[in-house]
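Trainee: This is what each chain is made of:
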Amino acid sequence: MTSWLRRYDLNPANAAVLIFLWVFFIVFMLYPLGYVFTNAFFTAEGFSLVFMKLMFTSPNYTIILANSVNLGLAVTLFTTLLSLPLALLLVRYNFPGKEFLNGLILIPMVLPPFVGAIGMRQLLARFGSINLLLLEMGVISQPIDWLGGGSFWGVVILEALHLYPIMYLNLAAALANVDPSLEEAAKNMGANSFKLFSTVTFPLMLPGYFAGAVIVFIWAFTDLGAPLVFEYREVVAVQIFNMVTDLHQNPMGYAFVVAVIALTLFFFYLSKRILGGGRYEMLGRGHVASATRSASASMTVIAYGVVLGISALALIPHLGVLLTSVTKRWFLSVLPSDYTFQFYQDVFSHDLALLSIKNSLLLSSLSTIIDVVLGVTIAYLLARKRVPGRGVLDALAMLPLALPGLVLAFGYVAAFSATPLDARVNPVPLLVIAYAVRRLPYMVRAAYAGFQQTSVALEEAAINLGASPMKTLYQITMPLIFANLIAGAVLSFSFAMLEVSDSLILASKEQYYPITKAIYALLGRIADGPYIASAMGTLGLLLLAGSLFIAGRFFGRRMGELFRA
Amino acid sequence: MGSVKFESVSKILGQSRAVNNLTLDIGAEELFFLLGPSGCGKTTTLRLVAGFYTPDEGRILFDGQDQSRVPPHKRNTGMVFQNYALWPHMDVRSNVAYGLKMRHVSEAEKEKRVRHALEIVHMQAYAERMPNQLSGGQQQRVALARALVIEPDVVLLDEPLSNLDAKLRVEMRTQIKDIHRKIGRTMIYVTHDQAEALSMADRIAVMRRGRLVQTGTPHELYTRPESAFVAEFIGGTNLLRGTLEEVGDLLTVKTQAGIVRAKNGVKRMARGEPVFCSVRPESLRLKPAAESSGIPPSDATNELLAEVQSIMYLGDNEQYSLRLADGAIVRAVEYNPTTRKAQVGDRLALQFDTQAVVVLPQEELSD
Chain A
130 MTSWLRRYDL
140 NPANAAVLIF
150 LWVFFIVFML
160 YPLGYVFTNA
170 FFTAEGFSLV
180 FMKLMFTSPN
190 YTIILANSVN
200 LGLAVTLFTT
210 LLSLPLALLL
220 VRYNFPGKEF
230 LNGLILIPMV
240 LPPFVGAIGM
250 RQLLARFGSI
260 NLLLLEMGVI
270 SQPIDWLGGG
280 SFWGVVILEA
290 LHLYPIMYLN
300 LAAALANVDP
310 SLEEAAKNMG
320 ANSFKLFSTV
330 TFPLMLPGYF
340 AGAVIVFIWA
350 FTDLGAPLVF
360 EYREVVAVQI
370 FNMVTDLHQN
380 PMGYAFVVAV
390 IALTLFFFYL
400 SKRILGGGRY
410 EMLGRGHVAS
420 ATRSASASMT
430 VIAYGVVLGI
440 SALALIPHLG
450 VLLTSVTKRW
460 FLSVLPSDYT
470 FQFYQDVFSH
480 DLALLSIKNS
490 LLLSSLSTII
500 DVVLGVTIAY
510 LLARKRVPGR
520 GVLDALAMLP
530 LALPGLVLAF
540 GYVAAFSATP
550 LDARVNPVPL
560 LVIAYAVRRL
570 PYMVRAAYAG
580 FQQTSVALEE
590 AAINLGASPM
600 KTLYQITMPL
610 IFANLIAGAV
620 LSFSFAMLEV
630 SDSLILASKE
640 QYYPITKAIY
650 ALLGRIADGP
660 YIASAMGTLG
670 LLLLAGSLFI
680 AGRFFGRRMG
690 ELFRA
Chain B
80 MGSVKFESVS
90 KILGQSRAVN
100 NLTLDIGAEE
110 LFFLLGPSGC
120 GKTTTLRLVA
130 GFYTPDEGRI
140 LFDGQDQSRV
150 PPHKRNTGMV
160 FQNYALWPHM
170 DVRSNVAYGL
180 KMRHVSEAEK
190 EKRVRHALEI
200 VHMQAYAERM
210 PNQLSGGQQQ
220 RVALARALVI
230 EPDVVLLDEP
240 LSNLDAKLRV
250 EMRTQIKDIH
260 RKIGRTMIYV
270 THDQAEALSM
280 ADRIAVMRRG
290 RLVQTGTPHE
300 LYTRPESAFV
310 AEFIGGTNLL
320 RGTLEEVGDL
330 LTVKTQAGIV
340 RAKNGVKRMA
350 RGEPVFCSVR
360 PESLRLKPAA
370 ESSGIPPSDA
380 TNELLAEVQS
390 IMYLGDNEQY
400 SLRLADGAIV
410 RAVEYNPTTR
420 KAQVGDRLAL
430 QFDTQAVVVL
440 PQEELSD
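Top to bottom, those sequences are chains A and B. So the number in this note's numbering is just where the residue sits in the first sequence, counting from 1, plus 129. So the number in this note's numbering is just where the residue sits in the second sequence, counting from 1, plus 79.
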């Protein structure tokens with residue numbers, strides 16, 4: 130027993146912290162998930178697969194599952210098509226301004242599609258800007274029904290334009306890891322460029338591609354905001370959202386959530402199998418020569434063209450939001466005919482808008498504080514201490530990456546109803562915790578990266594010279610990882626401000642609405658609702674852009690690493 | 080002041096005993112070296128002194144006081160880390176002053192001692208610089224000053240020169256030795272570089288696989304190794320495999336290549352025991368085989384026949400690789416080679432004194 134304990138750095142303080150973390154994860158992650166599972170499989174009569182069976186047999190439900198799967202597949206396909214050329218151009222070629230383009234590619238990822246959807250709806254409407262522009266140019270003679278057929282393609286386009294940076298990051302990393310000598314060997318054997326790519330390069334990139342594809346698929350599958358705004362209701366996410374209100378009458382919600390979890394786990398398991406199988410482990414890793422070459426002038430032009438073109442496409446929805454927010458009159462014209470800043474004033478005088486901004490600031494600040502404290506603690510234990518259950522702690526801290534916000538929020542509503550934390554009485558505690566849990570992985574990663582870059586010897590040097598462990602933490606470690614902490618905190622905060630699915634599900638009363646739920650509520654109002662919503666959306670985008678700029682300054686080029694699988 | 084004593088100390092890291100039953104006395108004001116191949120436990124031993132590890136068995140005493148359970152920040156040791164570990168967010172002055180700040184030394188006194196420490200390492204002009212504005216050698220000196228300024232009982236140096244280029248490394252050897260003489264404090268110095276240890280140490284402890292193999296002055300270790308491992312590790316040697324035939328004033332060993340007689344050997348070896356004869360390359364004299372009578376010229380000399388395999392000219396010396404009658408390869412060194420003594424393929428007689436041979440028990444050498 131003692132020799133077993135001696136393998137760990139356990140003192141009373143460490144043990145207490147560890148126990149606290151375990152309790153936190155059990156109460157706010159494992160218990161809600163377990164609750165959902167139990168309710169999906171147990172009725173008053175005991176264990177039952179009736180809901181599962183219903184989900185897979187009843188045509189009403191199978192169509193919903195099929196829609197969501199199709200949505201996920203379509204978005205994955207489109208993101209692949211968008212990001213593969215980007216990765217090939219930017220990883221393999223050097224040209225002036227490459228860093229700038231690299232940054233540009235990442236922007237759409239952080240612009241919430243929920244906000245973009247408002248603008249997209251405006252632009253793609255039957256007599257919206259796109260159709261009018263095409264009519265004017267004589268490309269078409271009849272307006273095209275872009276959003277017809279249940280708005281499926283609208284959602285696909287919007288999410289693809291939002292998610293392709295994630296795919297790009299994974300593909301670029303995978304491509305950069307392909308040992309150039311393997312490609313040279315293929316060229317030496319006489320493979321042409323196309324053969325080389327299809328038989329050597331892409332197969333070697335597959336694990337990385339698959340990792341990205343899984344994230345994109347799950348994200349699209351569980352995204353709530355975009356389908357809601359496009360009123361594409363026959364998907365799993367929207368169904369779960371609707372079922373929250375009558376949890377106790379209709380347990381199908383549990384079944385759907387279990388389906389989402391099962392699917393998520395399955396895909397992540399699959400990607401780990403492919404990634405961890407070692408099948409593609411390169412021999413003699415670690416001295417991979419750079420395979421980048423200088424781009425010719427024409428290649429540079431192509432690279433700029435492709436990146437700027439795709440980025441412009443991705444920014445169109447957000448441009449739509451911006452235009453809507455300053456529109457006084459926009460009817461049957463490509464661009465608004467009259468502009469006004471009235472709605473920005475309204476944001477700060479309108480009761481709901483103003484209240485929601487205050488709510489969001491409070492909720493996000495609290496959740497960020499929790500994230501910083503928990504994130505630094507967990508990262509410290511993982512990076513610096515040998516603690517029992519280290520692997521499990523790591524897995525739990527990273528689990529929210531794979532846990533859709535929808536699932537978490539649904540679990541919270543269900544598991545904590547009729548407790549002091551009941552979201553229908555006062556959603557503030559659960560909102561704060563949901564925000565915190567959702568963004569915890571980013572904070573842990575940011576802090577962990579800081580600890581990793583900071584050599585233990587720097588801390589030991591201080592202790593050796595007489596500084597107590599606490600003093601060392603404050604005088605040496607903290608200042609050295611400060612940049613990482615700021616970057617992580619800023620990201621946590623700004624994402625919490627624009628968190629969609631948990632806000633929509635958890636915030637039950639108007640007095641507690643955060644920004645996103647207020648935007649959603651305003652969209653439904655006639656008259657000035659959508660315009661104020663757009664103004665709020667624009668302000669949200671500005672906040673996000675500003676905070677990402679700050680985070681980027683602190684984090685530098687490594688920021689992309691936070692978003693990889 | 081500053082003696083360090085290990086009493087049967089063991090440290091278990093993971094599954095293995097990184098340090099195994101180590102008993103060692105390091106005298107006050109000694110420049111003491113821990114030498115061994117990587118993974119031999121020398122750095123673990125150093126970290127046990129610093130207190131970053133606590134012993135799983137045994138005790139560590141400073142000046143007779145048990146330190147085994149004293150946390151590292153309460154032990155008065157000054158460590159120089161392999162990668163220097165200068166805090167990148169503090170300038171040179173703050174780095175050096177840090178330990179004094181922890182000891183609540185008054186401002187005036189602190190100022191004086193920091194200046195003095197920087198003077199010792201010739202870095203007084205760089206007090207305002209940030210660590211990333213210094214070269215490797217300069218960082219090394221600052222790290223040394225930072226460890227010295229607190230006037231530690233023991234200075235600990237963990238491969239301090241391994242990140243420097245070859246020329247600077249040799250320069251710094253002299254400087255560190257000078258500093259040791261000036262400040263007169265116990266220094267424990269970890270290295271895997273035997274040349275560094277031989278040239279600097281008062282005494283050396285050679286470690287292997289967590290165990291202490293031999294302790295002694297550089298001269299003792301080089302001339303009287305007690306194991307084939309030490310003979311091979313310190314300076315490099317030829318090990319001729321054979322059987323011990325006679326024990327007496329002279330040890331007689333029968334090898335496949337011929338009889339070898341030796342003046343020195345490890346005690347308690349019995350007749351018939353398989354042994355190694357250790358002969359340093361520089362002890363071998365090369366004579367044309369034609370000049371040899373086939374009998375050693377005197378009782379104090381051995382002679383074996385060999386054929387030249389290859390010759391490597393290195394300027395100040397020439398290294399010969401020779402094949403003995405039994406096929407074993409030996410190395411010989413000719414210093415100050417003005418004319419070439421032999422060509423590849425030549426047959427030579429190798430002569431070496433019985434005084435230069437050490438007979439050692441056979442052991443497995445690959446680590």
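A hint or two may mislead.
Heads up, incomplete: computed chain A residues facing chain B, CB under 8 Å, no partners named [stated by the list, open to error]:
#1 G434
#2 G438
#3 L442
#4 N593
The calculated DSSO-like cross-link candidates involving lysine-lysine, where the alpha carbons are at most 27 Å apart (straight line), are [stated by the list, open to error]:
#5 K600(A) - K189(B)
#6 K600(A) - K366(B)
#7 K333(B) - K366(B)
#8 K84(B) - K189(B)
#9 K514(A) - K333(B)
#10 K600(A) - K333(B)
#11 K366(B) - K420(B)
#12 K261(B) - K600(A)
Worth flagging that the hints you see were computed from the coordinates, not collected in a lab. Think of the CB as a built atom: it goes at the ideal place given N, C-alpha and C, for glycine as much as any other residue.
Trainee: For each hint, tell me whether it holds in the structure or not.
Mentor: Verification of the hints:
{"no.": "1", "hint": "G434", "result": "violated, 40 Å"}
{"no.": "2", "hint": "G438", "result": "violated, 41 Å"}
{"no.": "3", "hint": "L442", "result": "violated, 42 Å"}
{"no.": "4", "hint": "N593", "result": "holds, 4 Å"}
{"no.": "5", "hint": "K600(A) - K189(B)", "result": "holds, 19 Å"}
{"no.": "6", "hint": "K600(A) - K366(B)", "result": "violated, 69 Å"}
{"no.": "7", "hint": "K333(B) - K366(B)", "result": "holds, 22 Å"}
{"no.": "8", "hint": "K84(B) - K189(B)", "result": "violated, 31 Å"}
{"no.": "9", "hint": "K514(A) - K333(B)", "result": "violated, 57 Å"}
{"no.": "10", "hint": "K600(A) - K333(B)", "result": "violated, 66 Å"}
{"no.": "11", "hint": "K366(B) - K420(B)", "result": "holds, 8 Å"}
{"no.": "12", "hint": "K261(B) - K600(A)", "result": "violated, 32 Å"}
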